[in-house]
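Visitor: Each chain, written out:
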Amino acid sequence: MNRKKGLAALCMAAALGGSVLTACSGPNPSSDGGDSGKVEEIVFAMPSFNRIPDDLSRVANAINAITVDKIGVKIDYRVYGPADYAQKVNLALQSGEKMDIFTTLGQFSNYVSKNQVYALDDLLAQHGKEMTAILDKDFGPDLLKANTINGQIYGIPVNKGMALPISFVYNADMLKGAGFSADDIESAEDLPAVFEAVKNANPDVVPFGPINVNPSDTNLVNLLKGKHKVDFLTDTTGVGVVVGDDGKVVNFYETDLFKNGARMMRDWYNKGYLQKDAATTTITSMEMIASGREFSFLGGYSGLEIGKTISAQSGKNVEAKRISPFYFDTGAVNAVSWMVSSTSKAPEAAVKFLNLLYTDEKLINTILYGIEGEDYVKVDEHHVRFPDGKDANTVPYTAMFSTGIVGSESLQYQFEGVSWSDIELKLRENKETERSPYFGFIFDQSQVKTQISAVNNVVNQYLPGLVTGSLDPETTLPKFVKALNDAGAADLIKSKQEQLDQWLASQGK
Amino acid sequence: MRHEYGRPSEWRKTAPLLMLAAPGLLYFLINSYIPMFGVFIAFKDINYAKGIFASDWVGFDNFQFLFKTTDAWIMTRNTLLYNLAFIVLGTVISIFIAILMSELLRKLYSKLFLSGLVLPNLISMVVLSMLVFAFLNADSGFVNKSILRPLGLPELNWYSEAKYWPYLLVFIQMWKTAGYGSIVYFASIAGIDKSIYEAAKIDGAGKLRQIRTITLPLLKPTVIVLGLISIGRIFNSDFGLFYQVPLNAGALYSTTQTIDTYVYRALMQLNDIGMSAAAGLYQSLVGFMLVVVVNAIVKRVNSENALF
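Line order of the protein sequences matches chains A and B.
The first sequence runs contiguously to residue 517 in the numbering used here.
The second sequence runs contiguously to residue 1391 in the numbering used here.
I should point out that these hints are in silico values taken from the structure, not numbers from a laboratory.
Just so you know, not all the hints are guaranteed correct.
[Unchecked claim] Straight-line distance between alpha carbons at most 30 Å, and here's what the computed DSS-like set of lysine-lysine pairs gives:
1) A:370 / A:82
2) B:1228 / A:502
3) B:1133 / A:153
4) A:207 / A:316
5) A:284 / B:1133
6) A:279 / B:1246
7) A:487 / B:1246
8) B:1133 / A:106
9) B:1133 / A:353
10) A:96 / B:1133
11) B:1151 / A:490
12) A:207 / B:1228
13) B:1151 / A:487
14) A:267 / B:1151
15) B:1228 / A:279
16) B:1151 / A:256
17) A:82 / A:46
18) B:1246 / A:490
19) A:284 / B:1246
20) A:46 / B:1133
21) B:1133 / A:82
Please put together the full structure from these sequences, using the hints given.
Guide: Next comes the structure, spelled out in structure tokens:
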């Protein structure tokens, strides 16, 4: 019997030993860094919406040629697709793997409240002067307020056209066939007449569809946000918002604004302007438009060239018409922010690199388009195209769809055919778009985590049905609001109001 | 001294068996026992600057979100009732299939049919959800377009009518897993001594009588072992079945929400490992307790059939 136990112990020891070995083999004992003059190495994780090539070394070498020369920093360049970017980054952060510079989609304050990111104030003053200068030039002052929590800057928003006014995106041939022109469309109220005519002219075509699916989103909420100046106060649930400038935090779904919006969608739905299964469909409007089965959708886009882009992607004659202004709340600006990990061994090198990432034209365009002559060719000062006979899928490297993710848009090359004046328009709109009086307020969710998780579930349950009109707001809205209150909406609103009042008081000083 | 003599022979006898078991033991050790070390994460407010060990203890705060709302009742009820239905119906249907198969005289046929029945189990839930969608789609789905419409019956918007989904989900789960589940029963039946049946035949027992008095009683231990194993996972649900197949439709939450989908939806944005660890711990603890309780009951009724 003793012997058996010994064997079991041996097995266990072997297993434990194995796991310890694998745990140790992760970080290489090579890069200690630290001393000045030595080249420091940092990990830079980049999201790409294009095909990710197997071999990144060519582009990584080109990037390093720039960074080692200019700031003495070597970049370990990682590229991940949108589906697993967040997962890869979170895994690296959680497991303590090396990860220095990463970005996020709408999760900024979460990373901060979990202490995952490095406070940048001192380093920015030292190594980020050029970057802050270009942000001031392209966006206007105080952009970094959107990333400031407790007086510390924790991230740098991507520098691009941030105003995304809601546009009505439609198949121009169908609009003409129905006897309307773009001039007939000024606001959402003009749309039902157009839908009716399109429906009569093309019985097989769905007049209107949700832009995103699973969960379905028709952009109704963003339409209302821009039109009625609603500040979502950085969390996406919509349960604690301020309408206008009265400083009172309310539940957006209890307001008449939302009720009327949901009624409008219900009306459209009942008249057959949306598919019966709009709330659960798995086919996006892009696909529906490309197949000629859908007439229109609502989308938020900066600049005026989106019609051309969608036409090129869908093969249909698509145009876009703005029907609502945009409203800058904090969440609109810090949604895509670059951050330095709090576990970074070389935060100084990371900030030096960030500085370059926003200000070095060559670096930005190498990351986006690869190497000149091999991955792209220049057309003129601002424009590039693929080498002859290549496209986005056959070129060795391109991350051209990441233009809204990285660096400064004013330094990026544009693809052939995109008018440069559009970039200038975007930069102008950055400065002219109305800002919420609470711009810079960031809600700290950590006190109401439980309520947020419960509220998220309720919103997921009811919102897709309401914004597509497939649920009747008269009967569903009261249920929705009750479920939100059961889930702790009041705590969330109270906590937000307190934080907002404090923030306002601190701003008054 | 006699004790010492006994050992080498015992060693020789058990060593090969232990070696056979070693890969399985290792698997459990690495995947189930070593990670158990992390249970304390469920009681911590993870702070990355401090690291997992130095993070603050928060007691049961991480568990709150599971019980905070009216959803808590719905998801617990759904998880339990669905699993109960799956266990009961699954066992009945699997045994039914196994008996039918074992009564087939030609081995070739039984192999053929069984493979056919096992096939659905190999289809991924995502693919299955598209198959279901092809049937239930409101505009062009098979059920609405080719059955209800020609019959002049009102068409249904399946993905917004929660009341049909309990039946649909149970049906889908049975279609997918019953064939696979019958393999174990099929093997047990094959292992029953044929002479028992012959004796029964001589005594004049018909086919049904043989099944009732020989096959079913001899299958009891298998049923109990498999039942206990499934009861241990009664608080877990097949995420694909409850998330992918209803296409994450909000209108169906009242009948498709289970603990797993709730945790997924709640924490997808928060990304809080403390709270997800809490949910996992809660599910395993309840499962563990249920196994112990049910096993105790089985032991009281018939101690031979108990698992431990």
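Visitor: Look at each hint and say if it fits the structure.
Guide: Status of each hint after checking the structure:
Simply put, residue 370 (chain A) and residue 82 (chain A) have alpha-carbon atoms about 16 Å apart, close enough for the 30 Å limit, and the pair holds. This hinted pair does not check out: residue 1228 (chain B) and residue 502 (chain A) have alpha carbons roughly 50 Å apart, beyond 30 Å. The suggested pairing of residue 1133 (chain B) with residue 153 (chain A) holds, with an alpha-carbon distance near 26 Å, which does not exceed 30 Å. A distance of roughly 24 Å separates the Cα atoms of residue 207 (chain A) and residue 316 (chain A); the hinted pair therefore holds under the 30 Å criterion.
Using a Cα cut-off of 30 Å, the hinted pair residue 284 (chain A) and residue 1133 (chain B) is violated, with the two alpha carbons roughly 51 Å apart. At roughly 26 Å between alpha-carbon atoms, residue 279 (chain A) and residue 1246 (chain B) fall within 30 Å of each other, so this suggested pair holds. Simply put, residue 487 (chain A) and residue 1246 (chain B) have alpha-carbon atoms about 17 Å apart, close enough for the 30 Å limit, and the pair holds. Our distance criterion of 30 Å between C-alpha atoms is met by residue 1133 (chain B) and residue 106 (chain A), whose separation comes to about 17 Å.
Of the supplied pair hints, the one linking residue 1133 (chain B) and residue 353 (chain A) holds, its CA atoms being roughly 15 Å apart against a limit of 30 Å. This hinted pair checks out: residue 96 (chain A) and residue 1133 (chain B) have alpha carbons roughly 21 Å apart, not beyond 30 Å. With a CA separation close to 14 Å, the supplied pair residue 1151 (chain B) and residue 490 (chain A) stays within the 30 Å bound. Distance restraint check for residue 207 (chain A) and residue 1228 (chain B): the Cα-Cα separation of roughly 21 Å lies within the 30 Å cut-off, and the hinted pair is therefore satisfied.
Taking the CA atoms of residue 1151 (chain B) and residue 487 (chain A), the gap is about 18 Å. The hint holds against a cut of 30 Å. Annotation: proposed proximity of residue 267 (chain A) to residue 1151 (chain B) holds, straight-line Cα distance about 27 Å (limit 30 Å). Between residue 1228 (chain B) and residue 279 (chain A) the CA atoms are separated by roughly 21 Å; this keeps the pair inside 30 Å, and the hint holds. With a C-alpha separation of about 26 Å, the suggested pairing of residue 1151 (chain B) with residue 256 (chain A) holds against the 30 Å cut-off.
Between residue 82 (chain A) and residue 46 (chain A) the alpha-carbon distance is near 10 Å, which keeps this suggested pair within the 30 Å criterion. A hinted pair counts as satisfied when its Cα atoms are at most 30 Å apart, and residue 1246 (chain B) with residue 490 (chain A) qualifies at roughly 21 Å. With a CA separation close to 18 Å, the supplied pair residue 284 (chain A) and residue 1246 (chain B) stays within the 30 Å bound. A distance of roughly 29 Å separates the Cα atoms of residue 46 (chain A) and residue 1133 (chain B); the hinted pair therefore holds under the 30 Å criterion.
Taking the CA atoms of residue 1133 (chain B) and residue 82 (chain A), the gap is about 28 Å. The hint holds against a cut of 30 Å.
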